[in-house]
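J.: Line by line, the protein sequences give chains G and A. Residues in the first sequence are numbered consecutively from 1, following the working numbering. Residues in the second sequence are numbered consecutively from 1, following the working numbering.
Keep in mind the hints are simulated off the structure, nothing from the lab. Careful: at least some of the hints might be erroneous.
For chains that are exact copies, the list does not tell them apart, and a pair is met inside one copy or across any two.
Said to hold, decoys possible - Simulated pairs of lysine-lysine, DSS-like, Cα-Cα distance not exceeding 30 Å: (1) K224 with K248; (2) K224 with K271; (3) K244 with K158; (4) K12 with K192; (5) K192 with K271; (6) K66 with K118; (7) K244 with K92; (8) K237 with K41; (9) K92 with K41; (10) K66 with K192; (11) K158 with K118; (12) K12 with K161; (13) K47 with K92; (14) K118 with K291.
Number of protein chains: 2
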Amino acid sequence: MRLGGIELGGTKMVCAISNENGEVLDRYTIPTTTPEETLPKLLDYFKDKNIDSLGIGSFGPVDLNKNSDTYGYITTTPKPGWANTDVVGYFKQLNVPIGFDTDVNVACLGEVTYGAGKDIDSVIYGTIGTGIGFGVYLDGRLVHGLMHTETGHMLLSKHEKDKDFVGPCPFHDNCFESLASGPSIEKRYGTKAENLYDRDDVWQLEAYYIGQALCNCVMCYSPKKIILGGGVMHNEKLFEFVRKETLKDINGYIKKDEILNHIDEYIVSPKLGDNAGILGACELGRLELAK
Amino acid sequence: MRLGGIELGGTKMVCAISNENGEVLDRYTIPTTTPEETLPKLLDYFKDKNIDSLGIGSFGPVDLNKNSDTYGYITTTPKPGWANTDVVGYFKQLNVPIGFDTDVNVACLGEVTYGAGKDIDSVIYGTIGTGIGFGVYLDGRLVHGLMHTETGHMLLSKHEKDKDFVGPCPFHDNCFESLASGPSIEKRYGTKAENLYDRDDVWQLEAYYIGQALCNCVMCYSPKKIILGGGVMHNEKLFEFVRKETLKDINGYIKKDEILNHIDEYIVSPKLGDNAGILGACELGRLELAK
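Make the full structure from the sequences, and use the hints.
T.: Following this line, the structure appears as structure tokens:
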């Protein structure tokens with residue numbers, strides 16, 4: 001099979017063709033400018049590629065409700081030019097089944113299909129970088145609900161030493177993204193996260209927030225595995241701190257062997273690296289074809 | 001149809017027979033003592049009732065994983081005598097299909113089938129009383145995952161005025177249940193919630209915590225409706241405070257008409273009152289029969 005996939009990102013767009021074994025056969029990347037300029041280039045790429053299906057993972061917010069008039073749209077994004085963009089409608093010209101979901105749900109699906117979440121029916125995939133978002137796959141399906149989850153905006157309790165910090169999220173002073181994203185670290189310390197790798201106090205505070213958020217994710221989602229990617233998680237030492245903080249916050253309340261005795265296998269890195277999103281997008285298209 | 005249902009509660013057990021229109025045809029209640037004493041009485045009740053199916057909602061933690069050796073058990077509860085009790089196995093003697101889930105998931109299913117969540121595919125049902133628990137029904141199905149959700153134990157940010165309060169949860173000083181359950185109110189003020197109805201400051205603080213938790217639920221679950229029951233919610237004024245706090249915490253980030261402009265219909269009371277759990281249990285059995 002030739003499965004088409006698109007990742008619509010805030011800074012770049014990635015297109016690819018994969019087969020059903022998770023092998024990327026071809027790939028094409030362009031910078032994200034306006035919809036008028038970007039979308040036709042993506043369409044052109046696929047025109048002679050003879051794809052069987054197309055899956056699209058997009059930055060949000062997006063409308064995932066198939067009964068809605070604006071299903072398949074990017075809706076209220078502040079990104080100039082992209083609000084109310086009919087993405088799925090545009091690609092209907094390709095005459096193949098189209099799947100559409102958030103960028104993080106699609107990356108989660110990639111890891112569940114081919115990566116660190118393979119053969120596990122309840123997995124959450126968080127990306128902690130410029131923004132914070134979670135893909136949520138429970139009992140064998142991606143979760144949608146009213147819109148889609150916005151786990152990165154759950155409110156957290158500030159650390160005593162961090163009380164006066166004003167985070168970068170314009171909506172929430174103390175949401176997860178405001179306290180622990182890349183821009184949050186940069187705002188707090190005046191330099192980028194990668195320049196702070198030798199400062200344990202920086203990563204202890206970071207783990208304090210991520211651990212709290214993961215504790216809440218364990219309580220709210222009851223996942224079988226938590227996969228954490230994104231630029232901030234590139235610091236391998238952070239994983240150790242995060243596992244410790246998460247256990248400290250759960251504090252023995254969830255008496256499951258997977259958490260109490262195997263935290264190293266419970267909170268893990270992605271296995272597909274940069275391919276999680278695009279392979280998940282291809283799989284999303286395949287699922288749509290299979291319906 | 002004659003649908004059997006059981007609610008296993010910490011203080012009482014309720015059995016009932018309903019039809020598929022949500023009418024309770026018969027009901028039987030006994031106090032909860034030991035499994036050896038209580039379970040045979042429940043079994044006896046159903047023996048001559050000619051039921052088509054049985055649904056059971058139980059206090060937890062419970063094992064809901066059908067591939068597990070202890071599926072259908074109450075597992076690690078501190079309740080004396082009840083740890084490692086094989087509930088589903090015991091009722092197999094009735095030779096009918098048996099559904100099994102948490103008490104809150106079952107109450108959520110009741111409200112989704114016949115009550116305030118009727119015809120809505122993504123609903124969360126929270127009970128705020130002696131404990132705090134949420135049933136979670138997303139995209140047309142109850143959520144399970146590794147175990148089941150424990151939303152009442154998500155960690156919250158303490159109010160400035162409440163910083164020195166030590167909540168009653170033995171695991172978490174600042175979880176939702178520790179800060180906002182009935183026992184929490186009683187510990188904070190030295191008297192039961194129902195004696196404090198004229199004290200607005202009590203209910204403002206209560207709403208501060210519930211609003212924070214609901215904001216996090218909106219971020220994590222993206223529900224189409226939030227139903228709140230339990231003893232603490234019997235104070236009708238609290239609903240107004242909670243709606244206001246939830247909107248304040250979301251702070252316009254989720255741009256959905258259902259939340260921004262219809263919060264009165266978004267955060268609501270249960271419609272089935274005390275029947276939510278038992279009717280949900282009956283429906284759970286019916287779903288098992290229909291499989």
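J.: Honestly, which of those hints from before does the structure not fit?
T.: 7, 8, 10, 11, 12
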